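Enquirer: Here is how the chains run, residue by residue.
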Amino acid sequence: MHRRFTLKFIVAAALTSVVGFAGPALGQEFPAKIRLGDVGFGFGQPFGRGLVAIADAKGFIADEFKDTPVKLEFTYFVNTGPAINEAIANQQLEFASYGAVPNTIGKANGLPTRILLSYGGTTIFGGARADLPINSVKDLKGRKIAVQKATIIHWSLITTLRQNGLTERDVTLVDLKNADQLAAINAKSVDAIFGGSFFLPLRDQGVLKLISNSGTAGGKATGLGAFVVTDEFQKQYPEATLRVTRGLLRAAHWLGQEANREEAFGIWARTGVTLPILREEFDGVSLKNAFNPVPDDFFTAQYRGVIAFNKEQKLIRNDVDLGQWLEPKYVEAGLKSLDLQSFWPRRNADGAAAGASN
Amino acid sequence: MNVRSLVARDVKAAAPFGRLAAGLRAFRPADLLLPLALPAAVLLAWQVTAVNGWLPVQILPPPAMVLSTLHDLIRDGDIAANLKISLWRISLGFALGAGSGLVLGTLLGVSKTLDDYLGPVFKALAQIPSLGWVPVLILIFGLAEALKIVIIAKACLVPTVLATAQGIRNIPRHYLEVARVLRLSGRTRLFKLLIPATLPTVFSGLRLALSHAWIALIVVEMLAAQEGVGYMMVWGRTLFQIDIVIAGMLVIGVIGLAMDTGLARIARRLRGWAPDHG
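As you go down the protein sequences, you meet chains A and B in turn.
Note that the first sequence covers residues 1 to 358 in this note's numbering.
Note that the second sequence covers residues 1001 to 1278 in this note's numbering.
Derived from the structure by calculation, the hints contain no laboratory data.
All values reported here derive from a predicted model rather than from experimental measurement.
Treat the hints loosely; a few may be bogus.
What the hints assert, rightly or not - Dumping the calculated DSS-like pairs for lysine-lysine here, alpha-carbon to alpha-carbon at most 27 Å:
(1) A/K220 to A/K314
(2) B/K1084 to A/K144
(3) A/K329 to A/K66
(4) A/K149 to A/K314
(5) A/K71 to A/K58
(6) A/K314 to B/K1123
(7) B/K1123 to B/K1112
(8) B/K1084 to A/K177
(9) A/K138 to A/K220
(10) A/K66 to A/K220
(11) A/K209 to A/K149
(12) B/K1084 to A/K149
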């Protein structure tokens, strides 16, 4: 009985995969299904807190496909870049939005991705134990810092240290995931932590004090990442790729309207991060600038910095050529068709708005 | 007539070599080949899968790539450095866990009263997997070495206690009666009766404990460690270099098998030393 069931299951699985492969082979203009992945947060049903989550919640991408039978499937992978790399390798995703460090690792190991646009920026905070005489990044010399290695936060920490005249050799890094970082701080196993706004509640409890904020420190240590497509998909379905890109551009444009600020926080709060924390994270920050999706000179300069970091830290064995990796034609066409060419000022490599019109 | 039988015939006469000769005669190639059949089949399937590209190279690298990574890791000293730390954790955790397990198991096996008081609580605690203890223990011990050792020790404790208590309770009652009738001293009873009679059960418990220790080691190193074989594997996954992960699996498999075989050998030796109870 049991064996027969297993056999049936295998046959069914085989049939499904044959049918699944047959779909694109017919050369239709649109695939039956488009699967998008993003970094997720929160318990239970994880959710994102960037452009993809806005596009998902407000239906911006779905709108683009409403005259087609295309089904969209969003998956939020809890806190993890490696899982997204694996999902792309297993052909379970066509599009993914994740940090520059893991997606560079994926690219260097041969994942056939192309960068479509910037996913915006993530503010990275540094916190030190309130009972220690650490009041600035410079005071971290000789201290133990908890950080999840091989993430964009790791890159941000090293960049922040450098901005303050320190190097990795001046401190001890302890590789921990978010929840364990909080435990480590509470158990006084480490002196400081670097991460997203997830640890701000500890500051409110008086356990931590903030010593750095990448947003107010000029943005050069602010987390970055990209929205990528598989090379195969964009070659086979250029129209679908353009529509997904347009959907995200519309999401970024919507985010860029100050009137939508609170609604956006409400969407991101589905991750379990509270509204006050979100308000603080983006306090004084223009969401239009923070979620600028255009891969301009600032984006490419920052990305090259991350690729160099990956090599320095021996996270990748092979080099990655950003010029070959970036595919700007969809974002340019999308901006043009939405008449948003001058909505976001193009920044130069230093982050200053160069040649901004309007 | 092959070389081996020639040798066997020649050494037959020489008394000191008699055992060796017997060993050689008992050797059949099938004994060695049978356990290798399944790994060989898996290796073949793996190679075929890799050659045909049925799975992406990032998910299942070809055997040759894993072998070359393993070679690099051995040459650069990564395996040795990580293994040193992992083996230290295993040894300490096993010594603490199995040691206290033997004591507790003996107490529970000997004393019915103690078993009535502690048995159910212990069994309830034993049901909680080691992983379930991690969040609580992190809060108590922080992330220092103590956390890892305690979790490994706990993983070893449970099977050792259960096996030891069981081993003692399973001693045939008439043995104990004979010992009482003969008025054997406590010392004699311990060394001539209790230990030999419980040894087989205790050792199977210890072997189980050792395999639990490995599971616990990998779990804690994956969760909260900066070094060790488990951490090396997590790092390999982070770097999207599954060859490192598979190399780690191979190392753990080989070392684990060697340790288990070692324990089994010791058990056989001890059983040889102890008087026969058949």
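Enquirer: For every hint, state whether the structure bears it out.
Expert: Now the hints, each set against the structure:
no.	hint	result
1	A/K220 to A/K314	22 Å, holds
2	B/K1084 to A/K144	24 Å, holds
3	A/K329 to A/K66	23 Å, holds
4	A/K149 to A/K314	12 Å, holds
5	A/K71 to A/K58	16 Å, holds
6	A/K314 to B/K1123	47 Å, violated
7	B/K1123 to B/K1112	15 Å, holds
8	B/K1084 to A/K177	24 Å, holds
9	A/K138 to A/K220	17 Å, holds
10	A/K66 to A/K220	39 Å, violated
11	A/K209 to A/K149	22 Å, holds
12	B/K1084 to A/K149	23 Å, holds
Consistency note: the structure conflicts with the earlier hints numbered 6 and 10.
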